[in-house]
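For the protein sequence lines, the chains are A and B, in the order given. What the first sequence shows, in our numbering, is residues 1 to 44, in sequence order. What the second sequence shows, in our numbering, is residues 1 to 795, in sequence order.
These are computed hints drawn from the structure, not numbers from a lab. What you are looking at is a predicted structure, and each value in this text was computed from that prediction instead of being measured. Glycine included, C-beta positions come from ideal geometry on N, C-alpha and C. One thing to keep in mind: the hints can contain errors.
Stated by the list, open to error - Distance windows between CB atoms, simulated:
id	chain 1	residue 1	chain 2	residue 2	range
1	B	ASP132	A	ASP35	27 to 37 Å
2	A	ASP28	B	ARG110	17 to 27 Å
3	B	ARG746	A	ASP28	54 to 64 Å
4	B	ARG116	A	ASP28	35 to 45 Å
Claimed, not checked - Computed list of chain B residues with no C-beta within reach of chain A, every gap over 12 Å:
id	residue
5	ARG119
6	PRO151
7	ALA176
8	ARG306
9	GLU333
10	ALA369
11	ARG626
12	LEU782
13	ARG790
Claimed, not checked - With the C-beta cut set under 7 Å, the calculated list includes, among others, these residues of chain A facing chain B:
id	residue
14	LEU8
15	PHE22
16	ASP28
17	ARG39
Chain residues, written in single-letter form:
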Amino acid sequence: MNVLYLILPLALVIVGGAVVAFAWSVRDGQLDDLDTPPRRMLDD
Amino acid sequence: MDTVLTSLPIAGASCAHCGLPAPRGDRFCCAGCETVYHALADGGLTGYYALADREARAAHTTDRSYAELDDAAFAKRHVRARADGLCETSLYLEDVRCGACVWLVERVPRLVDGVRDVRVDLGRGRADVVYDARTAPLSTVARAIDRLGHPVHPYRGVDRDLQRRREDRALLLKIAIAGAAAGNVMLMAAAIYAGVDGAMAIFFRWAAMIVAVPALTYAATPFWRGAIASLRAGRLHLDLPISIGIAAGLAWGVHDVLANRGEPYFDSLGMLVFLLLSARWLQARQARRAASAAEIVHALTPSRARRVAGSSMQDVPIEAIAIGDLIEARAGETIAVDGVIDTGASAVDAGLLTGEPRPVDVGPGDTVAAGAVNLAAPIRIRTTAAGEDTRVGRLAARLGELTATRPRITQLVDRIASRFVVVVLIAAAATIALWWHTGPEHAVSHAMALLVVTCPCALALATPLTFGIAIGRAARREILIKSHDALERLAARSTIVLDKTGTVTEGRMRVDGWLGADVAKDCAAVLERASVHPLARAIAADRPDAIGIATDVREDTGRGIAGRIDGVAVAVGSPRWIAARAELAEPIAEAIEHAAGQGATPVVVAIDGRACAVARLVDPIRKDARASIDHLRALGHDVELLSGDDPRVVAQVGAALGLPHDRCRGGATPEDKLAHVQALAAKTRTIMVGDGVNDAAALAAATAGIAVHGGAEASIDAADVFLRAPGLAPVVTVVDGARRSLATVRRCLRFSLAYNLTMGTLAIAGVVHPLLAAALMPASSLTVLACAARSRAFR
Chain A
1 MNVLYLILPL
11 ALVIVGGAVV
21 AFAWSVRDGQ
31 LDDLDTPPRR
41 MLDD
Chain B
1 MDTVLTSLPI
11 AGASCAHCGL
21 PAPRGDRFCC
31 AGCETVYHAL
41 ADGGLTGYYA
51 LADREARAAH
61 TTDRSYAELD
71 DAAFAKRHVR
81 ARADGLCETS
91 LYLEDVRCGA
101 CVWLVERVPR
111 LVDGVRDVRV
121 DLGRGRADVV
131 YDARTAPLST
141 VARAIDRLGH
151 PVHPYRGVDR
161 DLQRRREDRA
171 LLLKIAIAGA
181 AAGNVMLMAA
191 AIYAGVDGAM
201 AIFFRWAAMI
211 VAVPALTYAA
221 TPFWRGAIAS
231 LRAGRLHLDL
241 PISIGIAAGL
251 AWGVHDVLAN
261 RGEPYFDSLG
271 MLVFLLLSAR
281 WLQARQARRA
291 ASAAEIVHAL
301 TPSRARRVAG
311 SSMQDVPIEA
321 IAIGDLIEAR
331 AGETIAVDGV
341 IDTGASAVDA
351 GLLTGEPRPV
361 DVGPGDTVAA
371 GAVNLAAPIR
381 IRTTAAGEDT
391 RVGRLAARLG
401 ELTATRPRIT
411 QLVDRIASRF
421 VVVVLIAAAA
431 TIALWWHTGP
441 EHAVSHAMAL
451 LVVTCPCALA
461 LATPLTFGIA
471 IGRAARREIL
481 IKSHDALERL
491 AARSTIVLDK
501 TGTVTEGRMR
511 VDGWLGADVA
521 KDCAAVLERA
531 SVHPLARAIA
541 ADRPDAIGIA
551 TDVREDTGRG
561 IAGRIDGVAV
571 AVGSPRWIAA
581 RAELAEPIAE
591 AIEHAAGQGA
601 TPVVVAIDGR
611 ACAVARLVDP
621 IRKDARASID
631 HLRALGHDVE
641 LLSGDDPRVV
651 AQVGAALGLP
661 HDRCRGGATP
671 EDKLAHVQAL
681 AAKTRTIMVG
691 DGVNDAAALA
701 AATAGIAVHG
711 GAEASIDAAD
721 VFLRAPGLAP
731 VVTVVDGARR
741 SLATVRRCLR
751 FSLAYNLTMG
761 TLAIAGVVHP
771 LLAAALMPAS
781 SLTVLACAAR
791 SRAFR
């Protein structure tokens, strides 16, 4: 069970990474328009 | 080019671009499609045809120069200079409706040198263009996009878009943080509930606290802000009990962790914040879609005018027009300035300004107002006021302040919230008093449990979820609801004030009846085909099968038209104009008198120097008007008619609609309308329904305003609801849907209050366990979600 002391902080670091990635995608404007990109992908 | 053509799937004689039937021997149905087809073929973009939805839709291009887009006044307002020397601007494109359109427009950089990037937003019809102004002036870019079948307009409201985008992004980030925290804390809580003990339990508690406290404190900022604002304003708002619940939960959770006993509430709190934020985002997104769709109509208003400079003419943006400039307005164009006619005679339709549907004849020396449509012939106008100084501009400028002073109704949830706070705080005090004998620590713990479990999560979800879903469904039925509280303002029984012209009636003249022989009617129809005057068009449209060829046609603009049909002299025109040319027999003169007395417009036909027929033209009542008004009255609303048109006409329309005489008012100026609606709104809930600029102020001053299909942009700006479908039936749908939505909200609220009562009682009894709270709090929210989704509003 002692491995939890290592795994839990590690899991939290990963979660932090995911939140930072999401924050970047929001700032980058990737979530501003949710209708056009799905079609653009099909057309290219 | 021929090879491309033959390789296309063309069935019979159908248009190579849009697939509509083409005239025999032609490859295209219209010039627009031909232009677009050649533009595609020349640019090597025929891949479009593989992508396009092949639903029949003729292309539409203009041959405008777009020179006004290169003007300095335009650039100053709409073009952003970038650090790398390029320019960036936003344009609104007409007819962007599928993925193929997006694909096509985004390939403009291949067609025009100097265009670096084009990004299209399908929902808004907005294109962001990055270009090099030195090699590609904006007019070149606009012409290229126009040739692809998408006429271009400047995109106004970029600032509002940016502001909304910032708000949306901030909310999304908070949702992400709350969601990540909630998910992870829940896993840790699961371990605690599963019964880990000793050092491991302490470790999990601390980990949950370290994740939850900062994340939730940040993510719940909207609630903290709302609570502080409500305390400052002295008006209790639902954010206050939510904040108290979250704060109590966080504080007591930290206390438990430090004291190393009890189970923290962090998991329930995380879920709660996540759900509340998500519901807010959903609601904001639905309302914004509707709002930006309404703004698109705004972007379509004329933004340019043709300025006469010496012997040449110049397209300039309206910002660049000064008082004294000479402006030309061609037939069919909207007049962009207030001014006096310098040369030319025509008829103008000022219906959106005055509420009078009949075209007004104008000549040199007459004044015309911005927003009126020039109908018959080109006129030149000496500008007396432009932009915000025009009468329309001044009206529009007042809208903001009127909307701000709109009589507020306290929202249902806020009324409940204000009592809720008081009850919960008293209950908490009572709990402490009740348990004081077992020790202060124990008593406070029970009170804290009470504050957490009664945090009105389901209560706060009910309104945004129900209204968010209703606004989304309404948008699919072509009803755009711009603000989320509008539904609540529309829900109660009200006085509904209907504008006449364009709202109850079609706003266009039609032939209502004839006196005279069929041959005279046919002669009139044949002759009137040569004219663009709206009365002439109405007569021509009344008898589309009339056969004959008119020769020697002379039109006296706005008065009448004369010519020969099969060698016989025929004249059609106003009674006075005909009277100067032909004799009026007794029955004809009587019919003219009769028509005028009823508020109809008479048009006389003279054949061979003798008046022999009279047409009565009226602005017909919409087909669904009577049924819709009856329906509204059956629902308990009081319906009134208010118009700028002649009182006699208004009384007659009111009688045809079954409205009592004292409910019909005519001859009202925009100022009268505003005063009337303000007086009504002070007494009772008032819903204004209108279409014109003359209604805009009244729309903004009413409890709720509905702008109908085909209205002026100022009215769409001022209203809470904008109908994209024609007729009065959507008004019934809106009012009925609002009532159903509010009924659903009430059902959700009753349920969540019952939940709070049960949990509160358990907490006071001291038997509530955090595990029970963790299970029931999301369960209550999910029930509200199901309840909101089941709503029958706007189905």
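Each hint, compared with the structure:
For B/ASP132 paired with A/ASP35, a C-beta distance near 29 Å keeps the hint of 27 to 37 Å intact. With their beta carbons about 25 Å apart, A/ASP28 and B/ARG110 fall inside the hinted range of 17 to 27 Å. A beta carbon spacing of about 42 Å between B/ARG746 and A/ASP28 contradicts the range 54 to 64 Å that was offered as a hint. Checking the proposed 35 to 45 Å range against B/ARG116 and A/ASP28 shows it is violated: the Cβ atoms sit about 19 Å from each other.
With a closest Cβ-Cβ approach of about 8 Å to chain A, B/ARG119 is found to fall inside the 12 Å limit, against its non-interface label. Its beta-carbon lying about 20 Å from the closest one in chain A, B/PRO151 satisfies the requirement of being farther than 12 Å from that chain. Distance check for B/ALA176 against chain A: the nearest CB is about 5 Å away, which does not clear 12 Å, and the non-interface claim fails. No beta-carbon of chain A is positioned within 12 Å of the beta-carbon of B/ARG306; the least distance is around 35 Å.
For B/GLU333, the requirement that its beta carbon stay farther than 12 Å from each beta carbon of chain A is met, with the minimum near 33 Å. With a least beta-carbon separation of about 39 Å from chain A, B/ALA369 lies farther than 12 Å from that chain, consistent with its non-interface assignment. Every CB of chain A is more than 12 Å from the CB of B/ARG626 (nearest about 39 Å), matching its label as outside the interface. Taking the minimum C-beta to C-beta distance to chain A, about 24 Å, the non-interface status of B/LEU782 holds against the 12 Å cut.
Under the 12 Å C-beta cut-off, the non-interface status given to B/ARG790 relative to chain A holds; the minimum distance is some 25 Å. Proximity of A/LEU8 to chain B holds as hinted, the smallest CB-CB distance being about 6 Å (cut-off 7 Å). Checking A/PHE22 against chain B: minimum C-beta separation of about 5 Å stays under 7 Å; hint holds. Because the smallest distance between the Cβ of A/ASP28 and any Cβ of chain B comes to about 10 Å, over 7 Å, the interface hint for this residue is violated.
Hint status for A/ARG39 relative to chain B: holds, with the closest Cβ pair at about 3 Å, below 7 Å.
Of the numbered hints given earlier, the model fails hints 3, 4, 5, 7, 16; all others are met.
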